[in-house]
Amino acid sequence: MKKLLLVLLVFSAFSAMAETPEEKGLAIAREVDARDTGWGDFRASMSMLLKNRHGEESLRQMRVKGLEVENDGDKSLIVFDQPRDVKGTALLTFSHKVKDDDQWLYLPALKRVKRIASRNKSGPFMGSEFAFEDLASQEVEKYTYKFIRDDELDGKPVFVMERYPVSKYSGYTRQLAWIDRERYIPLKIEFYDRKNALLKVLVFRGYQQYLDKYWRADEMFMDNKQTGKSTLLTWKDYQFRTGLKDSDFTRNSLKRIR
Amino acid sequence: MKWLTGLLLSLGFSLAGAWELSGNAAIEGRGFFQDPLDSRQYDNDYSLSLDPEWAHEWDEGRQSFVLHLFGRLDRHDDERSHWDVRELQWIYAGDGWETRLGIGKVYWGVTEAMHLVDIINQTDLVENIDGEQKLGQPMAKLSLERDWGTLDFFLLPYFRERTFPGVEGRPRTQPRIEPDQAFYESSREERHLDFAARWSHYIGEWDIGLSYFRGTGRDPLFVPRLLPGGEVVLAPYYEIIDQASLDLQATLGEWLWKLEVMYRDSSSDRFTAATGGFEYTRVGMFDSEADLGIVGEFMLDERGDEATTPFNHDLFAGLRWTANDAQSLEILFGAIVDWENGSTLINLEASRRLGQDYRLNVQLRSWVNADKNDLQYGFRQDSYLQVELARYF
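Residue numbers (our numbering), protein chains in the order written: chain A, 696 to 953; chain B, 38 to 430.
For the record, the hints were derived by calculation from the structure and aren't laboratory data.
We treat Cβ as the ideally placed atom computed from N, Cα and C, and that holds for glycine.
Keep in mind that the hints are not guaranteed to be accurate.
[What the hints assert, rightly or not] Simulated restraints on C-beta separations:
#1 A:Thr-922 with B:Gln-393: 55 to 65 Å
#2 A:Thr-732 with B:Phe-190: 34 to 44 Å
#3 A:Ser-742 with B:Thr-346: 39 to 49 Å
All chains should be built: construct the whole structure from the sequences, respecting the hints.
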């Protein structure tokens with residue numbers, strides 16, 4: 696028995712060695728994705744506090760709905776409440792694993808639903824330090840991966856890995872992510888711009904577990920290291936499995952939003 | 038209006054719970070660079086507007102009620118001092134269907150410079166000559182959402198006449214248009230029951246809409262009339278029309294390709310008109326956060342110089358700068374040029390947020406080289422700068 700155990704140990708150690716850093720990175724990303732599957736749908740409110748270099752602040756408030764789609768990217772609907780001049784403006788996104796997302800913007804003053812070019816995802820979201828691609832559905836297929844090292848972050852054991860955007864329209868060459876080893880959730884991500892210089896650092900804070908399974912951060916703090924600007928994104932009132940359907944995520948449903 | 042009263046009685050008074058108020062109040066100034074063609078017109082103008090909306094939702098969001106009013110007080114132009122019920126609507130939506138009853142607003146179309154196929158609502162032209170402000174339209178609407186697209190059916194029981202600048206108003210046509218002289222093809226006049234239907238869908242990169250409208254045409258023909266006082270004015274004449282239209286957009290990477298085509302049949306004419314073009318957006322210009330968009334569109338009307346729109350053989354070229362900053366600064370600069378007579382409309386629109394609740398809007402419109410054969414000829418002295426400060430609540 697002892698011998699068998701030894702053989703198994705040696706074998707598993709060998710197979711671990713045989714796993715390339717790319718394979719290990721992909722395996723971690725798959726596990727992150729697998730553990731976050733099955734939540735169905737959610738509603739939440741989201742606020743963003745924008746701060747510039749001089750400390751001037753600006754607030755955005757939104758309501759978010761999300762629907763998990765099997766074998767494809769998720770559907771999401773973001774409705775703006777603040778600033779008041781964009782109140783009622785809504786963004787509907789059908790994300791896809793590989794091809795470009797489908798995206799429609801609803802302009803309430805004109806009652807116009809406008810299909811927009813979703814490839815422009817490197818642009819800032821509502822003037823914040825979050826780019827559209829930072830907030831998009833994080834599908835495994837949107838990146839390639841490379842495991843870097845095991846480490847600790849604030850006393851927690853983590854995997855440190857790099858991921859490389861597949862889309863050539865991404866604003867990044869690479870992202871360096873610290874993944875909690877126990878819960879398989881990101882704790883910190885560094886974003887490197889097209890010139891491979893450190894651009895932004897994102898820190899996830901206040902993780903809470905929903906439905907005894909799914910971890911969501913209360914706060915996501917994005918710090919732009921090049922401009923000195925920052926955005927604090929705060930999530931509130933998370934509700935899961937609220938009975939949202941495909942018909943809540945249509946171009947027509949945009950026109951009903953209040 | 039009996040059905041409207043009934044609607045109000047059955048719904049309005051039984052609604053309990055929170056009513057959400059939103060909207061804006063604004064002060065606007067307009068300055069004109071040249072003397073008016075008609076000495077009764079003003080040089081500079083200012084006005085106040087109020088745009089409040091009350092909304093109430095119940096039945097877990099399946100039902101809602103909206104009341105949206107608009108009013109403006111204008112220093113000089115009595116026609117521009119006006120108010121309107123933009124929306125007064127009960128909306129009931131289920132899984133895959135929706136009904137709307139009351140006064141509402143609907144937008145069809147994809148292009149930027151000209152809104153050719155958008156026909157449900159009448160244009161509130163005194164608000165802005167860009168035609169993007171609309172009057173509330175009484176309607177009963179049924180929408181069905183299926184896998185093969187969305188079907189909308191409209192019954193439009195009451196027609197709204199287009200608003201036009203008054204005697205003192207600018208910019209305006211010469212001679213002026215007198216709405217009191219309006220007349221109709223239908224003996225039922227504004228009570229003619231109009232009908233519209235639309236199928237819209239998206240397939241991959243394509244968004245498509247096919248629409249049909251039968252009823253009182255929203256854009257009138259004009260007939261000269263001699264008023265008792267000896268003044269010649271233009272009287273709007275509203276025909277019964279049949280109109281079929283297509284709107285199509287392909288979203289290919291950074292490129293949007295757009296087309297709107299319509300065919301109209303009335304007792305006076307049969308014609309086709311089209312507009313279309315592209316919008317190309319470049320993200321992160323010069324390593325900044327800003328986007329630069331380039332828009333190019335053509336406008337073509339088979340009626341040529343007989344068309345009731347000045348945009349009959351015209352090209353629009355524009356640049357849109359979106360700063361993507363905290364104040365949401367946006368600048369749109371463009372020109373519409375008639376390729377046959379050279380008449381040019383130069384247009385600049387800029388806006389940014391001030392603080393959390395204010396927004397500053399600046400518009401510059403300038404007519405250059407206006408030709409006698411162009412419908413914009415009357416505006417040749419009316420180039421103006423408009424500044425508006427709005428407080429949102």
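Hint-by-hint comparison with the structure:
no.: 1; hint: A:Thr-922 with B:Gln-393: 55 to 65 Å; verdict: violated, 21 Å
no.: 2; hint: A:Thr-732 with B:Phe-190: 34 to 44 Å; verdict: holds, 40 Å
no.: 3; hint: A:Ser-742 with B:Thr-346: 39 to 49 Å; verdict: holds, 45 Å
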